[in-house]
Structures are given as structure tokens and as C-alpha cells.
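There are 2 protein chains.
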Amino acid sequence: MDAINQNPTLTDAQRIDWLRLIRAENVGPRTFRSLVNHFGSARAALERLPELARRGGGSRSQRIPSEDDARRELEASSRLGVHLIAPGEDGYPPRLAVLEDAPPLLGVRGVRDVSMRPMIAIVGSRNASGAGLKFAGLLARDLADAGFVIASGLARGIDQAAHRASIKGGTLAVLAGGHDRIYPPEHADLLDAILEHGASISEMPLGHTPRAHDFPRRNRLISGASLGVIVVEAALRSGSLITARLAAEQGREVFAVPGSPLDPRAAGTNGLIKQGATLITQASDVIQAVEPIMGRPMALREEDHEPLAPEPDMAERAQIVGLLGPAPILLDDLIRLSGASPAVVRTVLLELELAGRLERHGGGLVSLV
Amino acid sequence: MDAINQNPTLTDAQRIDWLRLIRAENVGPRTFRSLVNHFGSARAALERLPELARRGGGSRSQRIPSEDDARRELEASSRLGVHLIAPGEDGYPPRLAVLEDAPPLLGVRGVRDVSMRPMIAIVGSRNASGAGLKFAGLLARDLADAGFVIASGLARGIDQAAHRASIKGGTLAVLAGGHDRIYPPEHADLLDAILEHGASISEMPLGHTPRAHDFPRRNRLISGASLGVIVVEAALRSGSLITARLAAEQGREVFAVPGSPLDPRAAGTNGLIKQGATLITQASDVIQAVEPIMGRPMALREEDHEPLAPEPDMAERAQIVGLLGPAPILLDDLIRLSGASPAVVRTVLLELELAGRLERHGGGLVSLV
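Listed in order, the protein sequences are those of chains A and Y. For the first sequence, our numbering assigns the number 625 to the initial residue and increments by one for each residue that follows. For the second sequence, our numbering assigns the number 625 to the initial residue and increments by one for each residue that follows.
Keep in mind the hints are simulated off the structure, nothing from the lab. Hints may be right or wrong, so weigh each one.
Stated by the list, open to error - Restraint ranges, calculated between C-beta atoms of paired labels, are given here: (1) A:Leu989 with Y:Gln912: 28 to 36 Å; (2) Y:Ser908 with A:Ala967: 45 to 53 Å; (3) Y:Gly705 with A:Glu915: 32 to 40 Å; (4) Y:Ser908 with A:Glu915: 46 to 54 Å.
Glycine is no exception: its CB is placed at the ideal position from the N, C-alpha and C atoms.
Chain A extracted, bound-state conformation (with noise of 0.2 Å):
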């Protein structure tokens, strides 16, 4: 039995066994955790994996990684400075653990400490202006002097501004790609300093080049390793927006600076405040706001007991997928429509998923690849 967030160390052949799990094709954090809820255990899944993406209707057979190739990754890791550390283990955020799509196996590089600590986070424009610039600077600096620890996304402007000022203190540099594919590359040497006193996270293995949709992905874990957001400075429709809007949906504190409605850099944050964010004009502003919420036990989420079925009927199997389109479609929609049991339902989903031919969006919806 290895079900995430009960033990708290994994053995080295559970760690072997998650890393393939993780790092087999089409298995992203909810899928993993489906599966090892389902079968108890990441090595239980990893043998009924290859059937349950046959079944899906996988044109061609999943790639899964072997152990050498998990044992190798973690060798790897290892000599970059780099722990794959699960939910729960020393190391991890502890907001980040609770979540429903938490990575299973982070990794941390850096003083482990830092990531452990309580965290705000700082975002908002590669271009931002001057005075942005120095805003999340001294924000930064205030913030990791009252001991919060400042996440980040290592990019230009914003992120950049507040990394630095807040290196003595320990910061977060959460990364798109793997460790050892920095992006923006000029920001190589802005990590080693981080790395000093700080930390940087990873859910991606080594040498994943970061594209354009791992940013949003990778912005779930900035907002949910921390207290709370900041957003700087962020125009319309901007990446910021983004990590605030995953930041409220995982419950975080969203917090917006300021400034003029004819300022375009603005448009975002003061969008933001008229949605409901809280205007910040200091750093007294969010940990008055935080210090509340540091003192409450997390919100553990209720572990998802939602059983699979054993092996549905070809005729059931056929009528769900019938029903599916590539327009998204609510679960409990398809559960009602097809009359088949949701245990079913799931089951055939998740075949699915693991064959490549499922897209799961926000909200329970699903649709067809």
C-alpha cells in the first residue's frame, strides 16, 4: 500500500515505481492517483497499465519508462542536486501536497528548508514598467523580512524583480521545463544565486524544453506551494491572470497592486480587484491578510474514493464513447446520459486518458483528443 499522503517516506523501490508511473505517457498527477488508489499501489498499476490503455483503444502500445530508465533519472537528478521528493516528505510544500493535482514526485533542488516554509507568491509582466519593477521589488524585500519565503516563475520583469530582492532571505524558483533547461537561459546564473540560499521545484523530468503550454501548468504549482498571489503588474488576457485565477480556484488569497485605468500594464490587476482580489499598496497589506489563514490547519482534501469498475461490457464501453465529441462534456452529463454506473463510466475514462484519446478540463469536463 503506497496511497499518496498516508506514508511519510517512500522506499527506494516505491520511489522507482512511482517515477515510472508518473513518467508513463498519458498519466499526468490525477490519473496517478486514480490508478494507485484503484490498485492500491503504483506497482499494481504499472502492470495493469498496458491493458487498460489497450482496452482504451490506444493505436499503438503506451510508453511506459523501465526501472533502469527510472533508476537512471533519479541518478541523474541526483548529481544536478536534484531530490524527486513525494507529497508529505521532508521537503515538499506543504500547501502544494494537498492538492488533487499535486506532482507525486517533485524536484526540489537548493536548500530543501526553503521550500518548506510559509510562501507568497510574486508575478506579473516580462514587461513591466519601472516602477513595477521596484514595486515588486520592495514588496519582496519586505515580505522576506517579515520570513515569508517569495515564489516565482524565474522569468523577465516581474518575477526577475522579485527573485532578487528576495535572495538573502531564500526564494522559490518554480520552473516550466526540467532542471536543467532553464528558461529564459540568460537567467542561468540569477538560479545559481537563487540556489544558495534558496530552492528551486520541477514536475518535469531533465531535459524537458519548456513550451508554451507548460507555463500555465507550471503556474498551479507557484499559487499552490504559496499563501497567497501577488500580481504586480499584468495587462489583459496575460499569463498572471492565469495564476491568479488557478490561485483562487485552490483557495489562495489573490492579491492585486494597483494603478492607473490608463496604464495597459494595469488593466489586469485592476481587473482583478473589481473581480474580488484584494488591493495591496504594501506588504503589511498581505501579511495581515495571511497571518489569519498561517495559523489554520491546511485543508486536507478527502481522498477521492471513487471505485472503477472491473472490465466494462464492449456495448457499455461503445455507448460512452459514442457520446463523446470533441466538445467538452460534464461527467456527471455523460453518467446520466448513458445510464451505464459512474464506477463504469470512470473506468472507460481513464482507459481513455491512458490511450491518449481523452482531454480532461477544468470542472469536470471531458472531452475527445
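Given chain A, work out where chain Y should sit, using these hints.
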């Protein structure tokens, strides 16, 4: 009987009485209302005024204008195009009319219809930034285009920008001094331009040069006449924040334009948003917020039925005066501590007020001068 807000128009004789009473020394709008409600008419109150002031311990006789004085003020006002209008009469801003401390007679000049239309106040710093001035102008223009009258204080900076941008749609200048004592003097030309399509109002007699304490008093008219008040730029502890506080006390919407935390001219507006004012970045934000209010009937206050006592005896009066001092005390506490009836306490306070010995603060607090 000429109870306030009950008769649609005053007779000529009543208007003379009302003007004499409101211009009498130590009679403000609240005292005026209290006297008329108790004695049944301004005429009856005028007859009793000397006796009341004497009982309150006035060291010299109270100045009360004669009928000729009042007639001369009406004539001089008329020559300047100023009409002295009572709450409920045509030309008196309807939302202002229902306030407890609405001026019993308001001097209205210009296009009378303008002061009857839905109004939004725009206020802010005299030494505003270029961006602030520009934004005030954009807001005023868009709100005027949407059919709102822009109310402001004819001051330098934001006020001026708001008036200028809404001249064609009709804008309302709310004065702190008499209609013949324009402040600042160099805005006489601006006022002339305003009066072509708009109006100006003042509760002060001709010849009254505005002093520092007249501006906060005037500010209650700006907010009181409006559906809501927009603060465009304001430093901490500025007059615009007083207007915002008055607006909130009067149940008006308070809107604030955000700015950079590094800009001291935005400290006041950002502070207002922290306290619950609505952040706005465009005219439509304001319109959206006030449209539901426009549909609603105005909250007409219950007429205060606060009876006065015939004549408190010397012992009661001495005891109540003994409880008063320079530190403000709550009316309710005064009633409780004195053991006298509310009517007796109110009567003694009215006498003291007419004698110039009492100061009324907000929230039911009173103190000796």
C-alpha cells in the same frame, strides 16, 4: 404650517420668513428644521428666537435679519440670476432635498433643469497629475454623454477638468461662498462657461467669502446632490476624502480611481478602495453601479418628531449645562446622566445652540464651544 418638504412651493411671505430664520445667527439647517417642526412655521420660530437664545445664556442679543434685510437679499440674488429655492421646489436637487441637513434655501443659478437631473460628483486633488486630469476629463465626458450631470467644486485640478469636459452636457458647480464670491477668483470665466448649459448652487448669502471650514460644509452638498462620488486622485488626509466620507454617511456610492502605490496622489484613492469603495477604470463601471439606484425611489427620511419642552426649570438647565464641557458627549448619555426628559434636554441644547454656546458634531455628539 410650512413644514419642510411638505409644501411644493413657498409663498413670498414664507420665503422671507425662511430666509430670515436660516440667516439668523447660530441657526443652521438642522436647527432650522427643529425650530420649524416645533413651532409649526418659520414665522412662529422667529417670534420665539430671542427668548430661546436668552435662556441659553447668549451674552449679547442674537442677530436676526429683518424682513427688509431678507427682501434685499432676495432682490440682489435675483439681479445675479440666483433663485433661493426650498427643498421640493423646482430646481432643488431632489437627492439633496431629502437629507436631514439640506439647506432650507439653496441659491440656484443657471439652467434650473440641470440641478434636477441624475448627478455624479467627480472630485480630487487640486495639484493633480497630468494623467489624473486627463482621466477626470475622459470620465466626465463619457458620463455626460450618458446623460449624467457632473457635480464638482470649481476648484483647480480635478474639479476644473471634470467641469470643462462636461460643459456641453450641463455641469453643476457647488460653491463654498456666496454666488458673488467665486473661489478661486480666476475660475470666474470657467463658471460663466458652465452657466451657459449648466448651473451653480450655494447655501451661503451673497457677499460671503469662503473660509477653510466652509469647504467641508460645502462638500456635503456635492455628495448629497449626487448618486455617487468619484474620487480621481487624492493624497492622504485631503479634502476629497472628506467628501468621500460624507458620501458614505449619506448612503451615496463611493467610487475611486486606482493608482500606483508609488504615487502619493493615489494613496487616498487606493485607501478608499481598501475601505470598500468601488474601484473604477471607466465610466461604464459607474453607470453599472448607479443604474439600479436610479430606479429606486429616494429614501425619504422619516420627519423627526422630536418634541421640545415648554420651558425647562433653572435646576434642570443648570444640571444639563454642568454635564457639558469642551469634550463631545453623546446626546443619549446626556439624557441618561441628567435624568431629565429627552424633550427637556433637546430644548436646553437648542437654546445653547441659538446662544452660540453649543457645537454639534457628527453621530449625535455635542460639546460646549
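Exercise. Indicate whether the distance between the beta carbons of Ser908 of chain Y and Ala967 of chain A respects the range 45 to 53 Å.
Key: With a Cβ separation near 50 Å, Ser908 of chain Y and Ala967 of chain A satisfy 45 to 53 Å, so the hint holds.
Exercise. Kindly confirm whether 46 to 54 Å is satisfied by the beta carbon distance between Ser908 of chain Y and Glu915 of chain A.
Key: violated, 37 Å
Quiz item: Between Leu989 of chain A and Gln912 of chain Y, is the Cβ distance one that fits in 28 to 36 Å?
Solution: Given about 30 Å between the Cβ atoms, the range holds.
Self-check item: Outcome of range test on Cβ distance (Gly705 of chain Y, Glu915 of chain A; 32 to 40 Å)
Solution: violated, 60 Å
Of the numbered hints given earlier, the model fails hints 3, 4; all others are met.
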